[in-house]
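**Student:** Take a look at the letters that make up each chain.
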Amino acid sequence: MKAERGIYLIIGTFFFVITVIYFLWSGEAGGTIMLFAAAGLGIMPGLYMAWWARRMAPRPEDRPDATLAEGSGPVGAFPANTIWPFVFGIGAAFTGLSLVWGVWLAVIGIGFILSTAINVSLESRRGGSV
Amino acid sequence: MTILEEQLESHPEGQAHHDEPRGLYLWLTSTDHKIIGKNYMYTSLVFFIIAGAMAMLIRTQLFSPNNHFVSPQTYNELFTIHGSMMLYLFAGPFAFGGFANYILPLQIGAPDMAFPRLNALSYWLYVTGGITMLLGFFTASGAAAFGWVAYAPLSSATNSPGAGPDLWIVSIMLVGFSGIFTAVNLVTTTFYLRAPGMTMFRLPIFVWNMFVTGLLILIAFPVLTAALIMLYVDRHFGAHVFSVAGGGIPVLWQNLFWFFGHPEVYILALPFFGMVTEIVPVFSRKPVFGYKGLVFATLAIAGLSTGVWAHHMFTTGTVLLPFFSAMSLLIAVPTGIKIFTWIGTMWKGQVEFRSPMLFVVGFIFVFTMGGITGVLLAAPPIDFATHDTYFVVAHFHQVLFGTAVFAGFGGFYYWYPKMTGRMFRENLAKLHFWVTFIGFNVTFLPQYLLGLKGMPRRIAEYLPADHYTTLNRISTIGAYITGAAFIIWMANMWISWRKPIKASDNPWDGHTLEWATTSPPSHHNFEKLPPIRSQRPVWDMNHPEYADWANPDGHDSSQPEKVGER
Chain V
1 MKAERGIYLI IGTFFFVITV IYFLWSGEAG GTIMLFAAAG LGIMPGLYMA
51 WWARRMAPRP EDRPDATLAE GSGPVGAFPA NTIWPFVFGI GAAFTGLSLV
101 WGVWLAVIGI GFILSTAINV SLESRRGGSV
Chain W
1 MTILEEQLES HPEGQAHHDE PRGLYLWLTS TDHKIIGKNY MYTSLVFFII
51 AGAMAMLIRT QLFSPNNHFV SPQTYNELFT IHGSMMLYLF AGPFAFGGFA
101 NYILPLQIGA PDMAFPRLNA LSYWLYVTGG ITMLLGFFTA SGAAAFGWVA
151 YAPLSSATNS PGAGPDLWIV SIMLVGFSGI FTAVNLVTTT FYLRAPGMTM
201 FRLPIFVWNM FVTGLLILIA FPVLTAALIM LYVDRHFGAH VFSVAGGGIP
251 VLWQNLFWFF GHPEVYILAL PFFGMVTEIV PVFSRKPVFG YKGLVFATLA
301 IAGLSTGVWA HHMFTTGTVL LPFFSAMSLL IAVPTGIKIF TWIGTMWKGQ
351 VEFRSPMLFV VGFIFVFTMG GITGVLLAAP PIDFATHDTY FVVAHFHQVL
401 FGTAVFAGFG GFYYWYPKMT GRMFRENLAK LHFWVTFIGF NVTFLPQYLL
451 GLKGMPRRIA EYLPADHYTT LNRISTIGAY ITGAAFIIWM ANMWISWRKP
501 IKASDNPWDG HTLEWATTSP PSHHNFEKLP PIRSQRPVWD MNHPEYADWA
551 NPDGHDSSQP EKVGER
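Keeping their order, the protein sequence lines are chains V and W. If you use our numbering, the first sequence corresponds to residues 1 to 130, in order. If you use our numbering, the second sequence corresponds to residues 1 to 566, in order.
It should be emphasised that the hints constitute simulated quantities derived from the structure, not laboratory data. All C-beta atoms in this analysis are idealised placements derived from N, C-alpha and C, irrespective of residue type, glycine included. Hints are not guaranteed to be accurate.
Stated by the list, open to error - Partner residues aside, some chain W positions facing chain V, computed with beta carbon under 10 Å:
(1) LEU28
(2) ALA120
(3) LEU125
(4) THR128
(5) GLY129
(6) PHE191
(7) LEU215
(8) GLY248
(9) LEU252
(10) LEU529
Start from the sequences, fold in the hints, and give me the full structure.
**Tutor:** Here it is in structure tokens:
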């Protein structure tokens with residue numbers, strides 16, 4: 001966790017310094033705001049990971065001498081097959097096309113998206129099957 | 001060694017191996033990172049062929065002065081969609097959708113990506129986004145015709161009416177969300193699904209580069225999506241964010257777009273740098289030279305690339321020239337470090353010029369040339385003279401074609417045996433390289449000269465009196481040669497498919513974990529893993545006498561055992 005924390009914090013600090021330099025030198029608002037947001041993108045997850053890194057012993061993947069057996073046990077439930085990402089994709093495309101060809105497409109698209117939301121929740125409860 | 005068996009138990013009953021759907025239904029429903037990665041790769045190659053065909057049309061139009069092969073409006077549509085497809089639909093998704101999806105979990109010893117369903121969703125958003133972009137050609141007013149950068153005020157509702165520009169906006173939004181979801185997946189997978197012993201500083205450089213690409217996507221793409229929403233609101237709801245008439249600022253679009261656009265260039269480049277860094281050590285029979293230097297160069301590129309956006313806007317007169325010029329010149333330093341480490345890896349190695357290595361050497365040649373002209377363009381006085389000329393066109397084609405095609409096809413040939421379990425025909429692959437390399441240089445080196453003679457980009461016609469004819473003819477012939485090269489590639493793939501030669505699990509004597517599994521890998525990737533004690537676990541397993549961990553300056557093998565609660 002310590003390496004990951006370091007990467008985020010280095011990036012965030014770098015952007016923060018650049019933000020200050022850019023603001024003081026140019027005084028331009030748009031770029032300053034975007035750079036500041038980029039600094040936040042580094043610092044926020046960095047601090048979250050720093051918080052955890054202090055409270056956790058190093059994970060097997062953080063220790064150079066870890067054996068493979070230490071990583072055994074469930075890694076997570078990986079669904080093998082599911083149709084719902086496809087349905088969601090079609091729904092999102094219809095909703096997007098409604099910006100071009102009219103709201104009626106959004107009605108169809110949001111229907112697809114809602115059905116995905118419902119079915120993915122049910123799928124997770126049943127255990128990831130199609 | 002038992003890790004994977006136990007991982008398989010965590011899968012819900014009865015779906016891992018039996019009831020596996022086949023054919024089209026598998027393609028629609030799979031959440032396996034390997035199938036999604038292959039889908040990404042095939043889809044992006046289809047878009048590459050379509051956009052490449054558009055390039056042929058563009059070059060045909062420019063073959064002669066006062067040519068009327070296509071109308072000026074069609075020409076504008078062609079270069080817009082050619083650029084948009086190559087950048088949004090080919091180069092990026094080919095790398096961070098295709099290669100990263102397929103290779104990254106294998107290289108870190110993971111069973112899948114962290115969010116398999118999100119992964120599938122990002123593929124479908126990408127496909128629908130790509131189709132949406134192409135739909136523009138079937139509308140009455142034609143596709144978007146304002147260049148892939150869509151500068152205001154050209155992109156306003158008055159100057160670019162019709163459905164085509166709107167379809168372009170929607171398409172980029174969908175593809176943008178797809179990219180963001182993939183980035184979330186890549187970063188999370190790298191942080192949380194590594195095999196035991198695979199510390200951050202043992203990750204293959206390809207994984208490092210994909211992870212940093214993910215961070216850059218998270219910085220850049222949301223800005224673009226926000227800008228596109230503003231553009232849409234301007235076009236349809238009468239807002240005036242980008243129009244002077246209502247008190248808006250047209251240059252704001254350029255600021256927002258390039259804040260995305262410049263990191264995007266590195267989003268396209270970094271994954272391919274990663275592939276190069278995988279291929280060079282394997283075919284030089286040496287570990288990578290300067291591992292930590294490469295990692296920090298990658299992070300430095302990520303940081304600096306976010307601070308250089310306005311070097312695309314030097315001629316607007318509204319940007320802080322010294323800041324952006326200095327940052328743009330600085331970014332050449334980490335990029336130079338990378339080129340130096342690749343050459344350092346080859347230095348005194350046993351270099352074997354198999355086809356992946358040939359493509360990579362071609363990449364280093366072409367990319368270095370494009371990079372050096374990039375340093376020239378970072379100096380405002382030179383940029384003022386060459387802005388919006390063919391000099392810039394030649395520069396970015398050398399950079400982007402160099403990465404996405406030379407390095408990309410190097411990676412494609414390198415991992416093709418792993419992905420399909422079949423070998424390609426080496427002679428045809430070498431022919432593909434040489435024809436591409438010659439065709440590419442014949443196409444783009446004359447364009448530098450055209451740019452220095454003053455030929456502006458994005459013009460459909462020029463006059464005989466401009467004296468651009470000869471160089472344009474050479475360039476067009478080069479483009480046809482490059483096009484022919486891809487027919488050789490397709491023939492190679494066809495032969496390999498119809499008359500397969502079985503590939504072994506580790507045909508190149510590779511170094512990283514993907515070569516420890518079967519070709520193609522089984523459903524959850526690994527039956528067994530070698531112990532991970534260095535940056536090259538598979539090399540260590542196959543060559544224990546030269547193992548990296550036996551190396552006296554190895555930093556990790558002599559560490560005392562640390563015991564901690566999990």
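**Student:** Does LEU252(W) meet its interface restraint, that is, does its C-beta lie within less than 10 Å of any C-beta in chain V?
**Tutor:** This hint holds: LEU252(W) lies near chain V, its Cβ roughly 6 Å from the closest one there, short of 10 Å.
**Student:** Tell me if THR128(W) is really an interface residue toward chain V, meaning its C-beta lies closer than 10 Å to one of theirs.
**Tutor:** holds (3 Å)
**Student:** Going by Cβ atoms only, is LEU28(W) closer than 10 Å to chain V?
**Tutor:** Holds: closest Cβ of chain V sits about 5 Å from LEU28(W), inside 10 Å.
**Student:** Identify whether the interface hint at ALA120(W) stands, where standing means a beta carbon of chain V within less than 10 Å of its own.
**Tutor:** holds (4 Å)
**Student:** Take the shortest C-beta to C-beta distance between GLY248(W) and chain V; is it under 10 Å?
**Tutor:** violated (12 Å)
**Student:** Would the hint on LEU529(W) be counted as holding, given a Cβ-Cβ threshold of 10 Å to chain V?
**Tutor:** holds (6 Å)
**Student:** Using Cβ atoms only, decide whether LEU125(W) comes closer than 10 Å to chain V, and label the hint accordingly.
**Tutor:** holds (5 Å)
**Student:** Return the status of the interface hint for GLY129(W): holds when the least beta-carbon distance to chain V is below 10 Å, violated otherwise.
**Tutor:** This hint holds: GLY129(W) lies near chain V, its Cβ roughly 7 Å from the closest one there, short of 10 Å.
**Student:** Holds or violated: is the Cβ of LEU215(W) closer than 10 Å to a Cβ in chain V?
**Tutor:** Result: holds, 7 Å to nearest chain V Cβ.
**Student:** Next item in the hint list is PHE191(W). Is there a CB on chain V closer than 10 Å to its CB?
**Tutor:** holds (5 Å)
Going through the hint list in order, the structure does not satisfy hint 8, though it satisfies all others.
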